[in-house]
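Heads up: the protein sequence lines correspond to chains A, B, C, D, E and F, in order. Everything in the first sequence is counted per my numbering, starting at 27 for the first residue and increasing by one. Everything in the second sequence is counted per my numbering, starting at 27 for the first residue and increasing by one. Everything in the third sequence is counted per my numbering, starting at 27 for the first residue and increasing by one. Everything in the fourth sequence is counted per my numbering, starting at 27 for the first residue and increasing by one. Everything in the fifth sequence is counted per my numbering, starting at 27 for the first residue and increasing by one. Everything in the sixth sequence is counted per my numbering, starting at 27 for the first residue and increasing by one.
Treat the hints with caution; some may be incorrect.
When chains are identical, the list treats them as one kind, so a pair holds in a single copy or across two.
[Claimed, not checked] Computed list of lysine to any residue pairs in SDA-like fashion (alpha-carbon distance at most 25 Å, straight line): (1) LYS196 x ASP242; (2) LYS255 x ALA150; (3) LYS196 x LEU230; (4) LYS156 x GLY240; (5) LYS255 x ALA307; (6) LYS156 x GLY181.
Hints in this document: simulated from the structure, not taken from any laboratory.
Number of protein chains: 6
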Amino acid sequence: MPLAPLPEILIEPLVRQALLEDLGRAGDLTTDAIVPPDLAAKAVMAARQAGVVAGLDLARLAFRLIDPAIRFAALAADGGEVAPGAAIAVVEGPARGMLTAERTALNFMSRMSGVASATARLAAAVSHTKARIVCTRKTTPLLRAIEKYAVRTGGGSNHRFGLDDAVLIKDNHVAVAGSVSEAIRRARSHVGHLVKIEVEVDTLAQLDEALAAGVDAVLLDNMSIEDMKRGVERIGGRAISEASGRVTPETAPKIAETGVDLISVGWLTHSAPILDIGLDAV
Amino acid sequence: MPLAPLPEILIEPLVRQALLEDLGRAGDLTTDAIVPPDLAAKAVMAARQAGVVAGLDLARLAFRLIDPAIRFAALAADGGEVAPGAAIAVVEGPARGMLTAERTALNFMSRMSGVASATARLAAAVSHTKARIVCTRKTTPLLRAIEKYAVRTGGGSNHRFGLDDAVLIKDNHVAVAGSVSEAIRRARSHVGHLVKIEVEVDTLAQLDEALAAGVDAVLLDNMSIEDMKRGVERIGGRAISEASGRVTPETAPKIAETGVDLISVGWLTHSAPILDIGLDAV
Amino acid sequence: MPLAPLPEILIEPLVRQALLEDLGRAGDLTTDAIVPPDLAAKAVMAARQAGVVAGLDLARLAFRLIDPAIRFAALAADGGEVAPGAAIAVVEGPARGMLTAERTALNFMSRMSGVASATARLAAAVSHTKARIVCTRKTTPLLRAIEKYAVRTGGGSNHRFGLDDAVLIKDNHVAVAGSVSEAIRRARSHVGHLVKIEVEVDTLAQLDEALAAGVDAVLLDNMSIEDMKRGVERIGGRAISEASGRVTPETAPKIAETGVDLISVGWLTHSAPILDIGLDAV
Amino acid sequence: MPLAPLPEILIEPLVRQALLEDLGRAGDLTTDAIVPPDLAAKAVMAARQAGVVAGLDLARLAFRLIDPAIRFAALAADGGEVAPGAAIAVVEGPARGMLTAERTALNFMSRMSGVASATARLAAAVSHTKARIVCTRKTTPLLRAIEKYAVRTGGGSNHRFGLDDAVLIKDNHVAVAGSVSEAIRRARSHVGHLVKIEVEVDTLAQLDEALAAGVDAVLLDNMSIEDMKRGVERIGGRAISEASGRVTPETAPKIAETGVDLISVGWLTHSAPILDIGLDAV
Amino acid sequence: MPLAPLPEILIEPLVRQALLEDLGRAGDLTTDAIVPPDLAAKAVMAARQAGVVAGLDLARLAFRLIDPAIRFAALAADGGEVAPGAAIAVVEGPARGMLTAERTALNFMSRMSGVASATARLAAAVSHTKARIVCTRKTTPLLRAIEKYAVRTGGGSNHRFGLDDAVLIKDNHVAVAGSVSEAIRRARSHVGHLVKIEVEVDTLAQLDEALAAGVDAVLLDNMSIEDMKRGVERIGGRAISEASGRVTPETAPKIAETGVDLISVGWLTHSAPILDIGLDAV
Amino acid sequence: MPLAPLPEILIEPLVRQALLEDLGRAGDLTTDAIVPPDLAAKAVMAARQAGVVAGLDLARLAFRLIDPAIRFAALAADGGEVAPGAAIAVVEGPARGMLTAERTALNFMSRMSGVASATARLAAAVSHTKARIVCTRKTTPLLRAIEKYAVRTGGGSNHRFGLDDAVLIKDNHVAVAGSVSEAIRRARSHVGHLVKIEVEVDTLAQLDEALAAGVDAVLLDNMSIEDMKRGVERIGGRAISEASGRVTPETAPKIAETGVDLISVGWLTHSAPILDIGLDAV
């Protein structure tokens with residue numbers, strides 16, 4: 027099944043709000059002053075770097091919301107790899123609207139493609155193992171849904187979307203509960219049957235306690251490679267294993283080779299640089 | 027005059043929306059299950075890296091909107107430099123709310139502090155000249171106001187906030203108008219008396235044409251250091267000079283030494299990594 | 027751990043919108059005409075029927091949003107059982123605001139208490155078994171969060187909150203995929219590691235297929251009591267078992283005695299009558 | 027004149043919000059995983075019980091907002107009676123969108139049809155008299171406009187829509203004013219010439235006072251059948267007469283036979299069960 | 027009973043939106059640059075013309091939403107007459123917030139006071155008769171509620187608030203229906219019992235038809251003074267009589283002397299000049 | 027370049043909100059009751075006075091948002107002068123929607139055309155000079171963008187749009203700073219390079235100080251004609267000159283003849299009467 031697009035009803039408010047943020051109260055002074063209303067134009071959206079494309083629907087919407095007469099023909103699909111200089115889309119129609127919507131379209135696409143490209147690089151680094159790259163809740167405020175989508179686009183998988191769709195017991199929760207097992211017990215008695223429970227453990231002793239209590243997943247936090255290996259062995263398939271802690275393309279392969287199921291990386295969404303994408307008049 | 031804070035009426039909707047994005051429909055399942063409602067806690071927000079702090083008001087608001095009983099005492103001010111491990115704020119009050127709001131507070135602060143820190147690094151690199159670092163419209167969708175603020179916090183200055191508060195004539199506009207001078211003429215006859223006009227020029231010939239037509243500022247785009255120097259000489263104080271084009275901390279000093287007034291850097295807002303900030307229970 | 031309240035940031039928009047719906051453009055004509063602005067009043071919110079109370083925070087908010095000077099002292103807690111005539115809360119303060127907010131406060135409380143009371147009745151009917159009562163997505167549009175909360179208040183548990191927090195494979199999905207196992211395979215490869223997968227099965231053959239493919243939960247849809255029993259045996263603890271299909275207080279005990287873990291009831295949220303609650307001036 | 031539809035500008039925000047409530051942050055995980063994007067489907071929306079249909083425009087909108095390519099052909103009209111099994115509409119188009127929007131469409135239609143059907147039953151019970159069935163302000167928060175519409179669809183009439191479109195003087199208002207006549211006097215001097223005034227009376231003495239003061243309508247609250255009859259006689263056409271107080275299909279005929287113009291029933295909107303409606307793939 | 031204030035829940039969104047409209051993305055550049063954050067100030071809001079004050083609650087809210095530390099002490103009440111130079115309120119607190127909110131506060135107050143003052147002038151012109159001045163639906167878009175309130179403040183009365191709170195049959199409706207009486211018949215059978223029906227009539231023949239059909243009010247549109255007098259006689263108290271058509275303070279007395287109950291004036295809300303009000307530092 | 031239209035994304039929310047304000051909860055009772063759903067109609071929007079038209083896009087949107095089947099054919103363009111009785115647009119389609127949207131469409135057009143017409147009158151009065159008419163921030167709350175547009179439509183120019191797009195140093199700011207030059211110094215060091223600085227001066231001494239400090243524009247506030255002339259001479263082209271203070275069509279020519287560049291007039295947006303426009307059935 028190909029990657030499912032985000033429903034337009036979810037992304038339209040974001041694109042609309044971003045356009046309004048750029049238009050302010052008076053709109054595009056420069057373009058309104060200089061470009062005749064009936065001038066037509068054609069432009070190519072092109073990558074200036076190699077990477078993975080994400081966000082075509084948002085770029086299309088940015089142009090459409092400014093002027094429905096603008097045609098946006100994608101030459102790539104979200105998730106596609108592009109070489110430097112590769113054309114991603116052809117945009118054609120009234121020149122005014124194209125110039126007015128350009129920056130908003132590019133701001134969405136370059137940021138989402140940046141996240142997708144970073145994810146793809148990490149995914150490639152661990153592709154010789156079964157490990158998958160997952161993101162965290164360290165996302166850009168207000169953009170979580172599209173950043174999580176960009177991670178999927180880059181070949182990664184999503185951790186929970188918020189505080190309400192899964193339980194993740196962290197060190198502070200354990201401290202309050204008194205023990206890993208008591209924290210798990212409380213969580214299980216509180217949540218519905220379709221909510222999974224994951225526990226963050228710092229030591230193998232905590233891991234044993236979590237496995238004994240029964241959990242869906244364990245997060246091996248900042249463990250040494252050696253401890254991770256031992257942890258994966260002890261888990262023995264009884265829970266999903268996730269590793270976290272300052273993962274880089276360099277350290278990822280070793281972490282993946284410990285046998286963990288998942289490697290979570292906050293950097294993907296909080297610090298990945300954009301993919302440089304431009305719009306060139308034809 | 028110290029840096030002016032953003033009015034709460036402007037930032038409250040962002041913080042509220044970010045909290046709702048994280049809470050989803052059911053709130054913080056983990057904390058609700060494990061942490062008793064009457065448990066009090068105390069935590070320190072601390073920098074894990076050296077950098078410049080920005081966003082304290084948004085962090086304070088995140089906690090307050092979840093529970094007004096949480097007290098947030100800042101130990102630093104926006105714009106202050108922090109060393110690794112330095113305490114930024116003390117947060118005290120009901121433990122539940124603190125755990126629920128923590129990630130949203132940190133997501134705002136770490137991102138804004140990342141922008142401020144990157145700006146400060148660049149500003150330091152050119153501090154031996156009169157050049158100032160400015161940002162662009164390549165900002166995170168929906169977060170332009172707080173990213174522009176973070177740039178100011180880091181010692182930078184702001185370019186226009188959107189399409190409506192200044193005219194910036196780019197190559198496409200010049201192409202449509204037929205010449206730099208015609209584009210300037212159209213802009214001047216269109217806009218109000220409090221709107222400045224800046225023109226992007228690629229060559230010294232275009233620069234001469236712009237200066238002859240009279241503009242408030244010129245953007246020397248992707249010029250060689252040599253051409254920039256000549257450009258600044260020709261301008262001779264008749265317009266504000268701005269340089270742009272893939273500026274890095276390494277290239278910035280040379281660019282600044284050409285005598286330009288401003289160096290604009292998209293990277294500050296589209297690709298600066300976060301400043302790592304955490305919340306540690308006491 | 028007592029039932030966790032809904033965060034005010036989640037419920038305030040609902041209460042505010044409901045008040046605006048009632049106030050219209052001109053506010054409370056009757057009260058404004060008749061009641062002097064400085065008149066104080068005291069009233070008791072009382073149950074007119076036996077039931078379980080839910081929604082006190084929304085009622086309190088309704089009064090506070092109209093006039094912060096109104097004091098709302100709860101005499102019961104959400105989840106508490108009340109007898110006919112029992113006082114639930116004392117409301118005191120400016121008479122105008124109390125009369126203006128009364129209907130909105132009662133509309134929330136009586137509806138939520140109706141859901142809680144219906145849930146409690148069903149939960150009591152199966153309390154001799156391990157079965158829990160759960161709700162569905164057949165909720166009142168726009169009120170899902172508070173109806174799910176009301177179900178918890180009545181002693182029930184929550185099924186998924188929407189289309190995005192768990193997978194529920196229904197007959198149509200199976201038909202498209204070609205088989206139960208193919209549907210499960212597609213779901214597993216698509217979703218993140220913290221998303222559970224449940225499958226609706228109509229026959230024991232489908233159940234066997236689901237169990238072989240491995241799922242977190244199975245929904246035995248409209249099966250005979252006999253088949254349910256057999257189904258529970260075959261599951262043998264390998265998945266959570268859920269029964270559904272026109273459950274009533276009369277049929278619930280027999281269904282529960284089959285050994286299923288959960289009984290889901292759409293009626294709780296789409297058709298439970300309100301609990302009659304009134305506000306009586308003292 | 028046939029029943030006028032609700033303007034789309036009024037109902038679109040409700041349908042949109044309900045869809046977003048169901049989609050959450052990530053959309054329809056199950057359908058996205060299992061159903062190919064290009065699969066077409068056809069389904070019939072059918073009643074599972076006899077009743078009166080209401081809400082077709084909202085159902086149509088739910089499908090259209092998810093995918094404009096879905097065609098929704100109504101086979102009935104709002105207000106039409108349907109037999110068990112009767113087809114109400116044919117829905118055709120992309121299977122994904124149909125599955126994603128289905129629950130929201132049905133949640134609106136079944137609830138509104140439930141209100142319409144309950145109204146129709148009561149209206150039938152008094153059809154041998156001139157009495158009309160009217161609803162109250164005891165509506166579902168946020169859904170008043172569509173519930174009032176559903177009441178009209180079922181052959182009922184609408185009481186006031188909120189606190190601002192008519193005056194309804196209740197016992198508390200009378201208590202504050204000191205007398206029925208003083209309350210009426212205050213109301214009349216306060217409101218505009220197009221605002222009607224109705225007074226709730228508990229006794230025939232109060233009724234006489236109200237009639238002497240001159241009102242547009244009187245609400246005979248919880249009176250005995252005998253008193254109601256006397257009340258109607260005394261009114262003698264000088265005001266509209268309304269009866270209220272725990273009306274059921276059983277008691278309604280007797281109440282109607284007293285000669286009252288209106289019988290108001292809160293139950294229609296706060297406790298009527300849904301009309302069971304399903305969507306069956308063809 | 028004194029004039030009832032508008033509920034804060036109704037006016038707060040307007041004031042908030044107006045402040046955001048003025049603050050834009052970056053706030054008050056001038057004040058932030060020049061005024062120290064800790065400077066306190068005191069100012070007097072004063073009328074520069076004689077008139078009637080309206081909108082004090084909105085002015086107070088404008089200051090409070092910018093800075094809750096600003097104190098706003100009203101020296102007059104809505105509806106009070108002020109002489110030129112009269113102090114209306116004293117504002118005290120942080121100078122920054124006072125300067126930032128000043129224009130928004132004054133924009134609301136001067137506009138609303140302008141409407142109130144114009145109403146008061148017209149009301150005075152007909153005070154020797156029983157006629158009341160009423161407004162129309164020709165209000166400023168988005169400000170209807172506060173303009174209708176301003177009319178009440180000036181001693182006027184309100185016509186309907188919108189299309190949904192009363193029936194007003196105009197010439198086009200009559201043309202469609204075929205006759206005044208058929209239009210009235212259709213309206214009566216369509217609307218609820220608390221909705222009044224008014225008909226616009228151009229001739230005495232139409233008036234007779236309307237009275238025969240039975241209506242709550244008749245609008246004598248653009249009739250001669252002579253015809254109005256005859257109209258009022260024919261009505262003989264059977265309906266409320268309203269006159270309209272380019273009313274001025276000069277023509278109003280003659281119209282009022284015809285005996286009509288109401289004189290409606292669109293000019294009050296669409297063209298009344300503001301009352302000049304300023305804020306002077308002390 | 028012809029006047030640029032406002033982007034639809036900016037004006038649609040205003041028109042939508044205005045329609046909802048008029049529709050209330052129940053829509054157009056009168057039209058729904060009387061006009062058959064399938065009746066077609068044709069009407070002409072016509073000026074009842076001479077003036078300048080503005081707001082055609084908002085009128086078109088009002089009809090389209092109520093019913094997309096309504097066709098709106100403009101016979102004039104924004105900025106066009108119309109004679110009394112002149113047709114502005116032809117509206118054709120379903121009669122119901124036309125009647126329902128009519129008032130909202132006219133409320134926008136008549137108000138905006140009123141502002142445009144007033145501006146045009148003043149602009150004509152000074153057309154023998156180089157002076158331009160500009161508006162202020164004394165606009166109708168929530169309607170600033172469309173009122174500023176209407177001023178442009180009438181041949182005027184726009185002052186700043188809010189507090190954030192330019193610096194305007196007023197007497198209070200000067201008082202706080204201690205001097206005009208210190209206020210200018212603070213402003214310059216605070217704002218970005220594309221923000222202009224204007225200073226309000228009351229005396230020629232202040233003017234000299236401002237010119238010495240260097241500003242983009244000076245506002246000669248309430249000066250005598252004689253002083254204005256001297257002021258313009260002293261400025262000698264070094265700054266833009268603006269005159270303000272109770273300008274009328276009578277006083278404007280003399281002010282303009284002093285040689286000022288701009289004359290600002292708050293009256294245009296806070297007190298200009300509407301242009302009377304009606305919709306006549308054909």
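Next on the checklist: Hint compliance check: list the failing hint numbers for this structure, sorted ascending.
Outcome noted: 5
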